[in-house]
Every structure is written in C-alpha cells, then in structure tokens.
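So the chains spell out like this:
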Amino acid sequence: MENLIALLVGAPLLGAAVLLCGGRRLDKAGHWLGTLLAAVSFGIGVALFADMLGRGAEDRTLYQHLFSWVSVGSFQADFAFRLDQLSMTFVLLISGVGTLIHVYSIGYMEHDERRRRFFGYLNLFVAAMLLLVLADNYLLLYFGWEGVGLASYLLIGFWQHKPSAATAAKKAFLVNRVGDIGLSIAIMLMFTTFGTFAFGPVLANADKASEGTLTAIGLMLLLAACGKSAQVPLQSWLGDAMEGPTPVSALIHAATMVTAGVYLIVRSGAIFNAAPDAQLVVTVVGAVTLLFGAIVGCAKDDIKKALAGSTMSQIGYMVLAAGLGPVGYVFAIMHLVTHGFFKAGLFLGAGSVMHGMNDEVDMRKYGGLRRYMPVTFVTFGLGYLAIIGFPGLSGFFSKDKIIEAAFAKGGTEGWILGGAALLGAGITAFYMTRVMLLTFFGEKRWQPAPDADQVPSAEPAAEHRAGRMPHPHESPKSMTIPMIVLAFGSVFAGAFFGLGDRFLNWLEPVTGYEHGNPPVGALTVTLSTMVVLAVGVAIAWSMYGRKPVPVVAPRGSFLTRAARRDLFQDDFNHVVLVRGGEHLTRSLVYVDHSLVDGVVNGTAASVGGLSGRLRKLQNGYARSYAVSMFGGTVVLIAATLLMRAV
Amino acid sequence: MNPVNYLYLAALLFTIGAAGVLIRRNAIVLFMCVELMLNACNLAFVAFSRMHGNLDGQIIAFFTMVVAAAEVVVGLAIIVSLFRTRHSASVDDASLMKL
Amino acid sequence: MTFPLLTVTAAVPAVGAVLTAAVPAKQRTAAKWLALLFSLATLALAVLVAVRFEPGGARYQLTESHAWIADFGVRYELGVDGIGVALIALTALLIPFVIGAGWNDADPLETNSSRWRPTQGFFALILMVEAMVVISFEATDVFLFYIFFEAMLIPMYFLIGGFGDRAHAGSDENAAAQRSYAAVKFLLYNLVGGLIMLAAVIGLYVVAGNFSLQEIAAARAAGTLDMATNTERLLFLGFFFAFAVKAPLWPLHTWLPNAMGEATAPVAVLITAVVDKVGTFAMLRFCLGLFPEASKWATPVILVLALISIVYGALLAVGQRDIKRLVAYASISHFGFIILGIFAMTSQGQSGATLYMVNHGISTAALMLVAGFLISRRGSRLIADYGGVQKVAPVLAGTFLIGGLATLSLPGLAPFVSEFLVLVGTFARYPVLGAIATIGIVLAALYTLVLYQRTMTGPVKEEVRTLPDLRPRELLVVAPLIALLIGLGVYPKVLTDIVNPAVQHTLSDVKKTDPKPEVAVEAKNGEAVK
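Protein sequences appear in the order of chains S, D and C. When the letters of the first sequence are read in order and numbered with UniProt numbering, they come out as residues 1 to 646. When the letters of the second sequence are read in order and numbered with UniProt numbering, they come out as residues 1 to 99. When the letters of the third sequence are read in order and numbered with UniProt numbering, they come out as residues 1 to 530.
Rather than coming from a laboratory, the hints here were simulated on the basis of the structure. Mixed in with the good hints, there may be bad ones.
A few chain C residues that face chain S, going by a derived Cβ cut-off under 7 Å, partial list only [claimed, not checked]:
(1) Gln-27
(2) Thr-29
(3) Thr-299
(4) Val-301
(5) Leu-410
(6) Val-432
(7) Ala-435
Being a predicted model, the structure only gives us computed values, none of them experimental. We put the CB at the ideal spot given by N, CA and C, even for glycine.
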C-alpha cells in the first residue's frame, strides 16, 4: 500500500504540469482533467484510509522512501513520505474538500478565458499541500510549505490585470516569507542540535536537548505558523488575499493552507511539550488572534473579508488549543477539520451570492436574498449555525472542547485564556449573525453594477454587465452540489467525531492525549458558552435585524473604524516597513553611487589628474629636455660618486 | 707641461658648451656648442691617453670625430630644411610634436 | 600517452573562435551556426569529462603535465576535481544558450557594411571567453591560471564595449559613451586586481620556488614549506583581492551593474554566470589550498563583507529602476551567499557554495535572457516602461516568473538547495551570521516580486500591447534552462555526488571538520526506511 502514497501527490502534480504546459488546445477539457486528477488523489486517499483502518492502532504508520534528495556530509534530506493518522486526516480533508472545490470552480469560472490555467494552479496547490502534510522531514515539509505559498501567490493574483490583486498576491508571499525565515532557522537549529531534521529521530529525542534550544526551535516554528496561518503579528495578508477568486478563498484561505501552521505545531508536539515557554507564547498568540480576527470580522462590510476575519479567529482557536499541549492537540485538529467543512461551505455560499449579484461583495448592498437563492441560503445557514457552535452541529463539539481545555490550563493563565475563548465565541455569534442578516434577510438594497471603466474589473465579464441591476438567481448544479455536501459535513461531522471520542481514539497514538481538569465543570462551560452565544446573536439581531440597514456604512465608533482598518496593522506596516524601506533603499542607492562608486571613480580621477600634471612637462622645447637630461646626468654622477665615497 | 691642465681646459670647454646648449635658441649656435662639448671630450680623451700611456683614448677620439662629422651632416641638413619652411632658426619654434 | 581530454576541451572553443572569426563578411549565418556547433562540441567534451571523472577517486583527475618555462618552474599542468568538473560543465552548458539568445544581437545595422564583421567577431569573442574560462577551471599551475585569468579580460572588454544593448534610453552617442565607460571600468577594475595578484604570484614563487598548486599545497600540508605568518597573509590578500573584484564582493562590486547594464543580455549572462565564477572558484581552490592559515585568519572579515554583500545587494536591487541593473545587484547578493558558504568552512557551506555557483549560473541565465527578450521587444530597460505584459505575452511572463522564482530560491528549483546548504553550513558554525543571512531570503522575494508585478501585471500599457510572445528560437533557449532548474532542484544528487569529495579535500586543506550536533541521535532515519 505504501507505494500509493507518492501517487497522492503525483496525480495533481501531473495535472498541474499538463495543464500549465499544455497550451490552448487543452482549454476545452482542462477543467475536467484537473477535477479528475484531484478526485483520483481523493480516491487513493480513501483506499489508503480503508487500509489503515484495517490495521491496529500501533502499526498504522506507513513510510515511503523515494530517493535521497540533498545529501552533504551529515546533512541528509530524503524524499520520503510518512502517512500516519494525522497526515491521513489532512489527506482526506485536502483531497476531499479540494475535489469539491474543483467541481464548484467548473461552474464558477465558466466565463473566465483562463480557466485552464486556474485549474492548473489549483492542482499545483493540492499537490504542494499534500506534500506538506505527507513529508517525513522538515526540509521536505518546507518544500511543500513554500509550494503552497507559490500556489497561493498565483491564485490570489489570478486576476493580475487588477493592480490590487497583484499587490495582494505579492503581500501574501512576502509576509509568508517572513514566516519562512522561522521555519528555515528552526530546521537549522534542529540540524545543529540533533544532526538531523527527520521527524522520527528529532521528535523521539526532543527531550534530550536543552530547554533553551527547544524554546528557540519552538518560537521559530511558531513564527512560521504565524506567517502561514495568518496569526498576529503576521496576519495582515489574509484580508487582502480575498482578492483571489472565491473558490481559492474557500480552499486555500479557509479550509486547508492557512491551517498548515496548526499542523506544524501539532506535528512538532514533542518539541513544544518540552518547551513550556514556547507553548505559553503559542497560546497567547492564539488567544490574541482569535479576538483580533473576531473584532475585525465584526466591522467588515465586504462579505469575504468578514469571513476572512472569521477564519483568522477560528485558526486562533486551533493555535490556542495546539499551544495547550497534549490536552489540546486532538481538539485543535478536530476543530480544523470541522472548520474545513463549514468555512469552505460558507465561502462557497458567499461565492454563490456574488455570482448571482454581479460580483458585488458589499453586504450592505445585499439583503433579502433568501427567497432568490434557496439552496445557497440553506447551506450557508447550516454553515452559520455550525460556526457559531449551535448545539448538535459540528462547531459545537469542537469549539466547546477547546474552551474547556483552555480553562483546564489552570491558574490565572487558564482563566484568561478560557475567558478569551469564551468571549471569542460570543463575538463569533455576533458577526456571523450580522453576515447572515445582512445577506439573506431584511429588504433588498441592491445597486446597479458600477461602470467597467470606473473600477478595474474583477473579471473580463464585468465589462458586459456594467450599469445593470443584479438579477439574483440560484447557481448551477456544479456549484450547489459541493455546497450541499459541505453543509452535510458541517452538520454531522462534529457529532460523528465527538460522540464516543472517535476522533480522540483515532489521533491519540500520534499526538498523545491527557485529560485536563477544568476548574469548573464541563457542563458549566457548555452552558456559559450557550449564554454568550445567545447574547451575541441577540445583539446582532437588535442592530441589524430589527431596523433597516443603511446602504452606505455609517461612520461608526472609533473601535468600528479601527476594526475596519484591521486595527491599524496595515497603517503601521505602511509607515514603518514600506516607507522606511523605501527611504533605506533610496539612500543606499545614493550611497552606492556617490560613496562606494565615488571612491572608485575618485581614484580613477586622481590618477588622471596626476598624469595631466605630468604631461605638462612635455612642453616641446628642446632646451627644457636638454636641461632635464643634464640634470639627470648630474644626479646620476653625483649618486655614483657618493656611493663610491661611502 | 702638466697634462692635468688639459683636463681643466676640457672641463671649461665642456661647461661653456653645455651652458650654450641650455641657454641659446639659435639652432646654429646650439650646434656649435654641441661640437664644443664633443671636442672637450676629445681633448679629455687625448689627455687621459697621454697620462695613462696607452692609445685607447686617442682611438676613441677619432671615433668621436667621425660621429661628430656624421652628426653635423645630418643636423645641418635638418636645420637648413627647417629654416626653409619656417624662416627661422630658433629651436623654440619647432615644438609641434608636443601634445 | 593518454588522450589530453582537458586540453582538447579548452582548445575546441579556441579553434572555433579562430574559425568563426575567419568566416567571410557576407556569410553571417554560417558564422552563427559554426559558433553554435563548436559550443555544442565543447559541451559534449565537458560531458565526457564529467563521465570520465570518478567521484571517489584521486583528488585531481585527468591530469596533464608538461614543462613549459623551465627557468621559472612554470609548467603546463591541468587537472580537475569535482568542483572544477561542475563548473566546466556549467560553462560548456551555458555558452550554447548564450549564443542562441544572442543570435541576432550582433547583426550589423546597415546590411551593406561589408568591411567590418561584427557578427563573426561577436561569436568568436564568446568562444574565446569560453576557452579561457575552461582552462582557468582546469589549471593547477598558479602561473598558468593567472595568465588566463587575466587574458579573459581582453575578449570581455570588446564584448562589453563593442556590442552594447540597443535598447538604450539616451541618444546613440550617449549610449556609446556609457558603454565605453562601463567597458573601461570593467577592464581597469579587474586589471588592478590582477596586478596585485601578479605581485602575489611572484611573491609565491620567491617563497615556494615553483608554481604548482599540488606541490605547494602538499608541502604546506606536510609542513615542509614554512611561510612566515605575515608573508602568508600578504600573499593571501593579494590573491583574494583579485578574486573579490572578479566575484564581486562588496565594496568592490561597482563595476558589475555598469557592465551588466550596458552589455547585451547574453554578454551580461556571460559576465555574471560564467566569468565571475572564476573568482569564487579560485577562492576555493587557490586561497584555501595555498594559504590555509591566512584564510582562517581573514575569515571573520570576509564573512562580514559577504553578509554585507547579501543584504546590501538585495536592498539596492529593490531600489533599481533598470531591469538589468536589478539583476546585477541581485547577483551581488547571491555572490555574497557563495562567499559566505566558502568561508563558513563546513562541508554543507562549501558544497552549497559550489552548487550555488552552478545554480546561480543557470537561474540568472534564465532570468536575464528572458529579460533580454523582453527588452529587445520594447526597446527599453526601464521597469516603469512595462506593465501588463502577462496579458499579451503569457509564455514570456511565465518563463520570466520561473526565472524570478529561481532567483528567490523557491524550493523545487535548483537554487533553493544550494542556498539552504549555504545557510545551514554557516549556521552550524556561526549561528548569528546564518540567522542574519536569512534576511536575504525575504529581500530576494521582495525585489523579484516587485519586478514581476511592475512589468508583468496590472493594466496593459499602450506601448506593450503589440509585443509578440516568445518565438520558437527563444523558447528553445529558455525551456532547457527551466527544465534544468527543476531537475537539479528535485534531484541535486547528480551534482552533490561529484562535489562532496572535492569539498572534503578542501576542508582537509584548511584542517577543519564539521561541528558536531548537540545531541547524539542514534539510528538516524531509522524509521524512514522500513
């Protein structure tokens, strides 16, 4: 069976290669090929899963060694895969959700002349993401890590004739690169500490290294996770990344790629377990981000950006859980999977709405859509109930466990972290209800589409429908079916995983587990979560459900304005990094030209000047030459005599 | 007579010739001064020959005369042709080769 | 007597140069094909060298040795180690692409100018450079190396000064003036370095009594040849200065942006991908081999300079407005990495540096040649004159992007492997320096993506609207380079297997071993192979 692992990566990679190199003649069939290969990958994943279930918990891990990749002295990196329960979970999530989103994109990208290329990029992403989770050493993981970064760059900037999309793509790549520094330094530290960076030996020997080293490795891994998973302080790229087509936002920037940071932390659990200081920082980052994202999500009027804030916040939950150690690893992954279902569903729903509304993204210009788009409404609604943690749905099971585990951390820290998680649940309920109300309820606030020349068009099709009123309609089957499947997952996955500790028993052999004891009973936690949730929903209803919503956003309080600007993070970046960097490079260009090169040219000029002076001696008068000859002779004779005298 | 006196005379003649070469501008005069220096050398050679009692110096003096004669032939030809084109025998006028 | 393979490998392009130069003025196309043929023949010979070379065998293989100037102990000695093999292969590999890319660059502007033969000259000079570079990689006699190290300036000078980029912003006269300025600066700068090296070469002869690298290195290692500490240091500095100019290392770099900016794109590739490599190669072979103690003495300063090069070059690349100058500054940053790897004195660092030389050659060639195609279409080198090219010429944009991604060392492409090895090798001995060097990774992404964004994306500019996409000849030049980038990125073992033993020899020259890990891990990769 283990020989199939490479095929998981190979199938979509083949698709990417064929679609990107194939040229125009594949335009007709390209999207079918891409979808097929993603589905092949999913099929292999399911086969491997069935095989894995057939074996006992102890020998479920499969290895496949392809070839030695980089080998210099003791630096040995192999092209080797590891398929254990943790990576299996991810394989199914990535290839499953990935295939659904391929199907969805067939309809969504129907009118785009570059659809073949889009599917090529999507396949590239799936291949890189699978490589990331299947790698058996950190360097190969880094390969996948940057590979998904590249795919994300290409897909965010897919409509690259739009300057904002190109800028957003560049920003995402750059911010991720800052995180990548963390991953590369972590690998170097592992190499100098353990002499290897393969998962097996490093994780097995993690406790033998000094705590300082482990803390350093842990913090560097956290930096990497922050970049990829849009955690504070490297979160600024995710909102802009919504410039990409909506299926991309659903697959990459909600369900899979942005959760890679959580995977990294859980995978490196052994290192974090031995470095409590690093763990504390992880939990703090998670808690801060979950509030940060939630607050930002409350203020955004752009439906995708509101969902992006929500993604950030939900990943904050996962990071928080991962930082809690063995108590939280399983629940971090469980929330990751359920989040993959409902967030992908929500994004696809948002895409469906935009598809029907002339690509309008401002929720203030929606309203009353539930009657026009019933399927979208129902699936989106189920996703909504799942994300806020409505009892019985997916989010309820996974989020509740995380809040519980946060309280179980104990002491003041436990109260603070648990409180933050609880508060976050309330805010989640608020902003998601707001999204729901603005989009599907209330009266119609539709506006005619702007003229194509006023805004840089998002799609080529935008030119045709300028100035027309939207005619909301249900999306084609290729789009609604994936939404229905995902809604199904959002409803039942949590119960399936949570009841009877199925998910716990499945993952426990890889991640380890210990039961935490919260200072308050589990039932109290659940009940208080329900209360907070109800309060959030109620506030949202009183603000957006009871009274009509203005089409133009009111100025709002300082907090609202700050949240709309992502709490001034971008302004900070702009002033300090962008402007500062510009000044630095400009002054360096000046220095290089006038100082460094100036010295060189100055030397040349002074040699030239000296020879100019010497040239004056050649004045053409025979007498002066005679004088110099005479003088020279005299000096020579004098010198000879002098030498003889001495 | 003490041969050393001839050397004094040779040195004096050489100095006069050298000073003339350095100071005067007229090509003919310069030429004569050069001849004066050459002849001062000849005188010194002959004097040394006498002092040391061998003939080497006298032989070299003959060589010098031959070279001087050849030099006069070529040099006068150049001066004459310069004078024809520039109507001047001043060496300062012939500074066209400088940069 | 065995077949003198190394001599032949260097002689074939030289013969090609002479023959190409002799082609009659009217037969320009014949001259091009002749040059291409000879460059391909050289490539075949270089492959033969690589095949005949046994990685586990003696340090220098395929050696040739003949008396030359007996009075001064100068011998004609050739031999290659793994590093030399890799670089000869790189050189032989790139020249056909340089010729292919510059196919029409040297056509005379007026077709009836029959007396001057620029096309023949252009290709002959390129082959001449190839011959000299190849023999520099082969020479194991210091004097022999020095001669060709210097002599390659002559054809390079004519290539830069005589065949400028036609896409120049200013008037023709202005262009000619800048070009000749760049060529003279290149020549003088490198001559100064060469003269200082000449003094050191003579000094070495005075101390050692001969010029043979192997003999001197062996005597140094055995302790039979003592050098006073100061003598060794001075000689080292003399050699190093010349190599640092050629490499180029900050602050001796300012000739490179001028030369690369004014030369045509293929010649710019020739400068940075081929000729400059002689400098870094010579640091590895001559500086470390001849003066191990002095090398260790100078290491801290050199490492700091290399680090400055990395960051400084990258920052300046961000600030450039001219595409070719941007690539030049990026190269300065990359040369910083190479020198950092060499003087980190670990096996990862030095293997990485050698791989870096090869990979940087390929990646810069890919990026620069595509940039050259772009520039020749639009007739401008300024980034601001482009925009939206992706829409009108997607293949060109795609290849440009891949070249750029290679420049920023994306995993999966060859430069990643070498850059990571250099970083890890540096980090193992100097953690702080290694960590600072990672800034270069971010800055590389910045200048590459900014360049791509400004030229290729956004609304299509009016002047760009009619640009044709890559022509078949151009695609034929770029596609193999890209295939190589991917191939060497996924399977770099073909190179590391050849290079590793040579690096071990170099490390034993300077008597250094890799640092040991903090925790001894038993059963390495025990789980991975089951």
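Hint numbers not upheld by this structure, sorted from lowest to highest | Violated: hints 1, 2, 3, 4 and 6.
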